[in-house]
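Protein chains in written order, with our numbering: chain A, 1 to 262; chain B, 263 to 524; chain C, 525 to 786; chain D, 787 to 1048.
Don't read these hints as lab results, they were simulated from the structure. One or more of the hints may lead you astray.
Which bits of chain C does chain D cover? Going by a derived footprint, with three or more residues having C-beta under 8 Å, they are [said to hold, decoys possible]:
1. 542-553
2. 583-595
3. 603-612
4. 696-702
Simulated DEER-style distance windows between Cβ atoms [as the list claims (entries may be wrong)]:
5. D/P930 to B/T497: 49 to 59 Å
6. B/P406 to C/E589: 19 to 29 Å
7. B/A348 to D/T1023: 21 to 31 Å
30 Å max Cα-Cα, derived DSSO-like pairs, lysine-lysine [as the list claims (entries may be wrong)]:
8. B/K375 to B/K286
9. B/K379 to D/K903
10. D/K899 to B/K375
11. B/K379 to D/K810
12. A/K24 to A/K113
13. C/K548 to C/K637
14. C/K548 to A/K117
15. B/K375 to D/K903
16. A/K24 to C/K548
17. A/K113 to C/K548
18. A/K117 to C/K637
19. D/K810 to D/K899
Note that the Cβ used here is the ideal one computed from N, Cα and C, for glycine as well.
Protein chains: 4
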Amino acid sequence: MTTSDSPVRVLVWGENRHEQIEEKVRAIYPDGMHTTIAEGIVENLGQRAQVTTTTLDEPEHGLTEEVLDATDVLVWWGHAAHDEVADEVVERVHRHVLAGMGLLVLHSGHWSKIFGKLMGTSCTLRWRSEHDQELVWTVNPQHPITDGVPNPIVIPEQEMYGEYFDIPTPDELIFISGFTGGEVFRSGMTFRRGFGKIFYFSPGDQDFPVYFHPDIRRVISNATTWARPRRERATPTLLRYELGEYFDGQDYRGPIEEPASV
Amino acid sequence: MTTSDSPVRVLVWGENRHEQIEEKVRAIYPDGMHTTIAEGIVENLGQRAQVTTTTLDEPEHGLTEEVLDATDVLVWWGHAAHDEVADEVVERVHRHVLAGMGLLVLHSGHWSKIFGKLMGTSCTLRWRSEHDQELVWTVNPQHPITDGVPNPIVIPEQEMYGEYFDIPTPDELIFISGFTGGEVFRSGMTFRRGFGKIFYFSPGDQDFPVYFHPDIRRVISNATTWARPRRERATPTLLRYELGEYFDGQDYRGPIEEPASV
Amino acid sequence: MTTSDSPVRVLVWGENRHEQIEEKVRAIYPDGMHTTIAEGIVENLGQRAQVTTTTLDEPEHGLTEEVLDATDVLVWWGHAAHDEVADEVVERVHRHVLAGMGLLVLHSGHWSKIFGKLMGTSCTLRWRSEHDQELVWTVNPQHPITDGVPNPIVIPEQEMYGEYFDIPTPDELIFISGFTGGEVFRSGMTFRRGFGKIFYFSPGDQDFPVYFHPDIRRVISNATTWARPRRERATPTLLRYELGEYFDGQDYRGPIEEPASV
Amino acid sequence: MTTSDSPVRVLVWGENRHEQIEEKVRAIYPDGMHTTIAEGIVENLGQRAQVTTTTLDEPEHGLTEEVLDATDVLVWWGHAAHDEVADEVVERVHRHVLAGMGLLVLHSGHWSKIFGKLMGTSCTLRWRSEHDQELVWTVNPQHPITDGVPNPIVIPEQEMYGEYFDIPTPDELIFISGFTGGEVFRSGMTFRRGFGKIFYFSPGDQDFPVYFHPDIRRVISNATTWARPRRERATPTLLRYELGEYFDGQDYRGPIEEPASV
């Protein structure tokens, strides 16, 4: 953990496949979407954040134990290659989130292995990629993630994501989006899992320059500050406490008492 | 209370002013909006409900102690004359809700005295009455209020209600509406207050025949069943319990102990 | 699905290991804990339920596709042998819950594979098995799961489960328990996942005759009625909808559009 | 509003009656409970807070429009004289909370007019003042209000407050207390109302030196930081927006359109 006075250490993870395969995506995001997302955080937080990026094609997808240990908040963008993310890495990220690492899941990351594992549901939804306008409405104006954000945020062209979005009830519903076609979507939500804080934010797509939008960049930046851990990373653990003893727990030794050895 | 096998006793309260003053409203609802709403409940619940109506212009607005005692669920439609509802009657309805009576607040009832008193907020919102299409999306498909309802419900013409809707976070968010203009609205929500269950449902307006819409009628009918009390009406009370005594509480005798009299 | 007028089809799954290994458990539950739990449901629901049992040692743990298809609500008790439950069966149960099957997870089931998969967290807690008294307090008296239950339920002797319980925020917090040692525990909670409804209820242990307690039996019975599906079982699915089309979705064909073949 | 870098302006309001009437209370809190509460905030926040106090007996209870305008977070302690708080002042405080002022309601303030008005319920509970031990357990360890607080907080002697506490479901349940008698209480909870943030915290009583307890002082201090407004104070307002117009709303002109004058 870093203290709240030190810069938040943000790692933007990008799948980085559309940018290599599709020219139209490369035209929008010539340095990769992860780079654009990272630049948006730097633009807003400046010295208050230390932002790095990594991608799927790095060894261990760039998400080694050491890297995660040094990450306060992980930002996740994936789409075409969810299945290529190794289960072992997903387990590792999951463990770090439960121990306190913040996680931002963006847009098509709703169908990533890590999000599904944290939610416990299918995370399916309704969609259409046809130049809908998206309006992102604030329904929780007291929340720090909405600081400095207009109501609504206007995104001229976007992929439509619509309900029913199969997720658990969020801890906080912050944004609801409306689309040209009349569809609605819970587009900004927080979830607590273990000691970690998670923010799902749906605006953002490979086919539209959404990650250059100043309000979208502001939301993502606010969310990294919000999601940073407030305690030392610690694994939730099953512990036994004697009667009248509240602070000194004993490790679990199994479901059935062993007879004393002879 | 009636048991869950007996018909739910529903009272539809209508302000009944637009119908008298505006010919266009009278053309849509010749027998009054309250009558149409009541007919929709009978259509769906048949023998499972006993539905009556009353209006603002009745003595005590038709909401005497005796009437409320015999009501399982009160359905509230008001708009032009919120201020004419006597504070004393509002207090009475409030007391019955806390004691267990169900309450459905429809559409412009968001600005009624009784809803404001139960919510504690301004209950303001954004609006426009200009023939928007409203789509009512289900975000809680497991909820009994959504039984038999398509996703979305399509309402061809409706007044727009949009966010930010200044209400407390609901217990359950069940419907979100999207409008032609791109606005969104949390249009179906439940709230618990005291021992009473409350459902706010925004579709429905004096200028459009929304209370003839079969899906809207179905939602209102489902909600009356959901909101009916499950226990004898009882007033939440402050009680003192001795150590080790859990069921026999003593009434409150004031904040400062009296010295024993001499 | 069965209709709400037909008996709810309940399957009680028991690990059935303590009863075989430990004489003191066998003395309390001579027919197995699953049998006692099942009898409590029959006692309360009578003809309104069709209750069967199965155990870990059955082929496929008694949880074949056919069995689950014919189950409205699955009740889960496990403790010593969580690891012996085959991953394939866990996947199957998970799929059925997302498709609408109700699930009751009892006591030490908090650490079962299926509960962990649905929650996404470690589900760890603090504990002590030392004859604490447990008082189960109702904090949601409007909820059908509390019908006919005193406040508090008094359990003379119980294992202590205490906070911090590492679970997602529940949809509804219904019971909170207090123990002799001063510990507290969120002991009755609901969660929605996919189209399924889940109730976690902590009272009940192999070392104490808690499943003979009439109030505990009543809660479990109420919960089976509450958790039964209200719709035909259906798998949440990702679907594409054209502009203006709300009901006829198209299956997903992959993340990147294929060029037309030559 | 002050910015998040400037000191939070906290006003501690004390009823200050027990201290004058009861010698045992004066012995514990010789300078008044409000002074002790204020000192605890200064102890923790130092330069990060500007803390002042006022009491019931001041003109307008010390809560004029000017004073509230200059207050970021109001801390409320009352008990014996809830009824003496003028309705006009309650309206004023309510208006400021909806406009964004933070509010901390302590202990017996659960029955104050302002808390009841914001909650919409009776705010009744079960109680006993008999030297119970209170353990305050954290159930939301990610929340900033829990920073630096042990789990549990141990209070050697306290009044017992128990469930059922008749309040709306909180936005966030942060602490649950357990008492010697086995009672439990949702003792730390947040609520959003209008643009304001509210924290209710039950530990603290006139008969015990709870406001000298370092952990209790820490919680109250954390909560003032959490509750401070993040936006300029603004009154939630009903506004009409034309189709395609999202930022320039028109004031409400009444429920029925006037015919054009001749």
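Results of checking the hints against the structure:
no. : hint                          : verdict
1   : 542-553                       : violated (count 0)
2   : 583-595                       : violated (count 0)
3   : 603-612                       : violated (count 0)
4   : 696-702                       : holds (count 4)
5   : D/P930 to B/T497: 49 to 59 Å  : violated, 37 Å
6   : B/P406 to C/E589: 19 to 29 Å  : holds, 28 Å
7   : B/A348 to D/T1023: 21 to 31 Å : holds, 26 Å
8   : B/K375 to B/K286              : holds, 26 Å
9   : B/K379 to D/K903              : holds, 7 Å
10  : D/K899 to B/K375              : holds, 17 Å
11  : B/K379 to D/K810              : violated, 38 Å
12  : A/K24 to A/K113               : holds, 26 Å
13  : C/K548 to C/K637              : holds, 26 Å
14  : C/K548 to A/K117              : violated, 38 Å
15  : B/K375 to D/K903              : holds, 13 Å
16  : A/K24 to C/K548               : violated, 70 Å
17  : A/K113 to C/K548              : violated, 44 Å
18  : A/K117 to C/K637              : holds, 13 Å
19  : D/K810 to D/K899              : holds, 26 Å
In this structure, the hints that do not hold are numbers 1, 2, 3, 5, 11, 14, 16 and 17, in rising order.
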